[in-house]
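Colleague: Spelled out from the first residue to the last, the chains are:
Number of protein chains: 2
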Amino acid sequence: MSNKIVTAAVLIIGNEILSGRTQDTNIQFIGQGLVQLGIRLSEIRVVPDVEDAIIDAINTLRSRFDYLFTTGGIGPTHDDITTACVSKAFGVDVARHPVAEALLLARYKPEDVNESRMKMADVPVGSTLIDNPISVAPGYRIENVLVMAGVPRIMQAMFDGIKGNLKGGDPVRSKSIEAYVHEGVLAEPLGKLQDSFPDVDIGSYPFFKDGHLGTCLVARSSDPSKLKAAAKAINTLVGKIYAISN
Amino acid sequence: MSNKIVTAAVLIIGNEILSGRTQDTNIQFIGQGLVQLGIRLSEIRVVPDVEDAIIDAINTLRSRFDYLFTTGGIGPTHDDITTACVSKAFGVDVARHPVAEALLLARYKPEDVNESRMKMADVPVGSTLIDNPISVAPGYRIENVLVMAGVPRIMQAMFDGIKGNLKGGDPVRSKSIEAYVHEGVLAEPLGKLQDSFPDVDIGSYPFFKDGHLGTCLVARSSDPSKLKAAAKAINTLVGKIYAISN
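Chains C and B, in that order, give the protein sequences.
Each residue of the first sequence is one higher than the one before, starting from 705 at the first, in the numbering used here.
Each residue of the second sequence is one higher than the one before, starting from 705 at the first, in the numbering used here.
Calculated directly from the structure, the hints in this document are not laboratory data.
Be aware that a few hints might be false.
No copy labels: a pair is met if it fits in one copy or bridges any two.
[Stated by the list, open to error] Here are the computed lysine-lysine pairs in the DSSO-like style, where the Cα-Cα straight-line distance is at most 27 Å:
no., residue 1, residue 2
1, 944, 813
2, 896, 813
3, 896, 792
4, 813, 913
5, 932, 879
Start from the sequences, fold in the hints, and give me the full structure.
Modeller: In structure tokens:
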């Protein structure tokens with residue numbers, strides 16, 4: 705079977721996540737969406753509205769991974785500097801995109817058109833637009849970098865619109881087994897089980913639920929038959945340990 | 705007045721955030737906690753359970769910022785590789801910490817003690833322990849790197865315990881003004897207002913609430929009198945524009 709791995713990074717731009725003012729939800733949405741596409745989210749960074757930090761992150765992540773998704777900083781205000789940073793990262797000019805311009809002019813009443821709003825039609829030269837069905841002002845794609853809004857509802861609509869254009873690898877499937885068993889009891893046999901399934905990633909995540917400590921074991925693989933075999937082995941292991949400790 | 709800026713980064717280690725399986729809440733908790741301490745959270749990274757990625761992130765972030773907080777990967781299972789990575793990042797050995805060992809031996813019944821559990825008493829040489837009032841197994845600090853658990857309840861207890869030992873700068877205070885005014889109408893005068901308050905960071909965050917689009921303006925500064933003046937000017941601006949657009 706093929707073994708094509710496609711990777712991605714997410715760059716969240718904006719002070720509001722760093723200050724704790726806003727609870728991020730974009731990470732989980734994009735993470736789950738990429739899993740379905742067979743794209744492995746391999747790194748996330750959150751940086752403030754600071755030019756050097758943004759440019760540095762864009763250039764590192766776009767060269768290291770197959771896709772880079774950015775969110776935030778493409779609105780009309782002074783703190784929206786993502787487009788300026790993306791263009792500097794690529795060494796290209798910013799130019800008004802005629803389609804974006806037409807979309808915005810059609811959206812606003814003539815008396816509501818102003819230069820700040822029209823700034824949202826400016827994109828790095830060479831970009832293609834990403835549709836914004838919520839509030840019109842588009843995102844854009846330049847090479848492997850996809851630039852989206854930060855407001856979750858808009859970001860989600862943009863992401864759903866571009867999904868069809870992304871090339872995924874073999875989809876990674878997962879199986880979860882939850883048990884009220886302490887991680888520390890499972891750890892040794894689980895490590896051996898992991899060794900015997902090198903093509904399956906086995907993660908162990910402790911949790912508290914209703915005052916009890918338990919463990920969620922997650923097996924992930926792009927090979928369905930190996931995944932099934934590993935999940936079966938985990939089930940057997942957990943059942944055995946559960947029987948011993950009760 | 706002094707103008708001491710103290711910075712921090714957060715490194716979240718673990719596949720469960722990247723896969724979208726788990727909704728992160730640690731970022732917001734730490735972000736808010738650091739604001740109260742006068743520490744500026746300047747970057748967040750999320751990396752998978754992959755040694756090179758973890759070591760690279762630790763070394764970059766610990767040299768770039770005053771503090772680095774890590775979460776995740778210090779449990780007993782095979783996918784808990786944070787301690788091995790921290791020790792490699794610092795070029796020191798891992799050794800069993802006698803206090804941590806005693807704590808764990810006191811916690812478990814003799815028949816429940818096993819090598820995987822005792823691995824949680826291993827720390828990079830030169831570390832001091834971070835108390836874990838929830839499930840005993842400690843975190844640790846080495847130089848400016850503070851290594852905490854990933855489970856939110858445990859991480860929060862660890863963070864609360866070490867807060868008193870962190871040296872903050874001038875606390876950054878903020879004032880928020882929310883209004884059902886579109887960002888695009890505010891953008892130009894707001895940009896000018898930002899120019900006239902260089903010591904105040906003014907952020908503009910669009911939101912959807914009850915089907916209406918509005919904007920939350922947040923002013924942040926370590927200078928209380930300048931913050932007050934900027935917030936007053938923002939209030940006046942918003943009131944004026946609200947009056948015009950209604």
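Colleague: Hint by hint, say whether it matches the structure.
Modeller: To see whether the hints hold, each was checked on the structure:
1. 944 with 813: between (69 Å within a copy, 20 Å between copies)
2. 896 with 813: Classified as between; 24 Å across copies, 66 Å inside a copy.
3. 896 with 792: between (49 Å within a copy, 24 Å between copies)
4. 813 with 913: Classified as between: cross-chain Cα gap 23 Å, same-chain 53 Å, threshold 27 Å.
5. 932 with 879: within (8 Å within a copy, 53 Å between copies)
No hint from the list above goes unmet by this structure.
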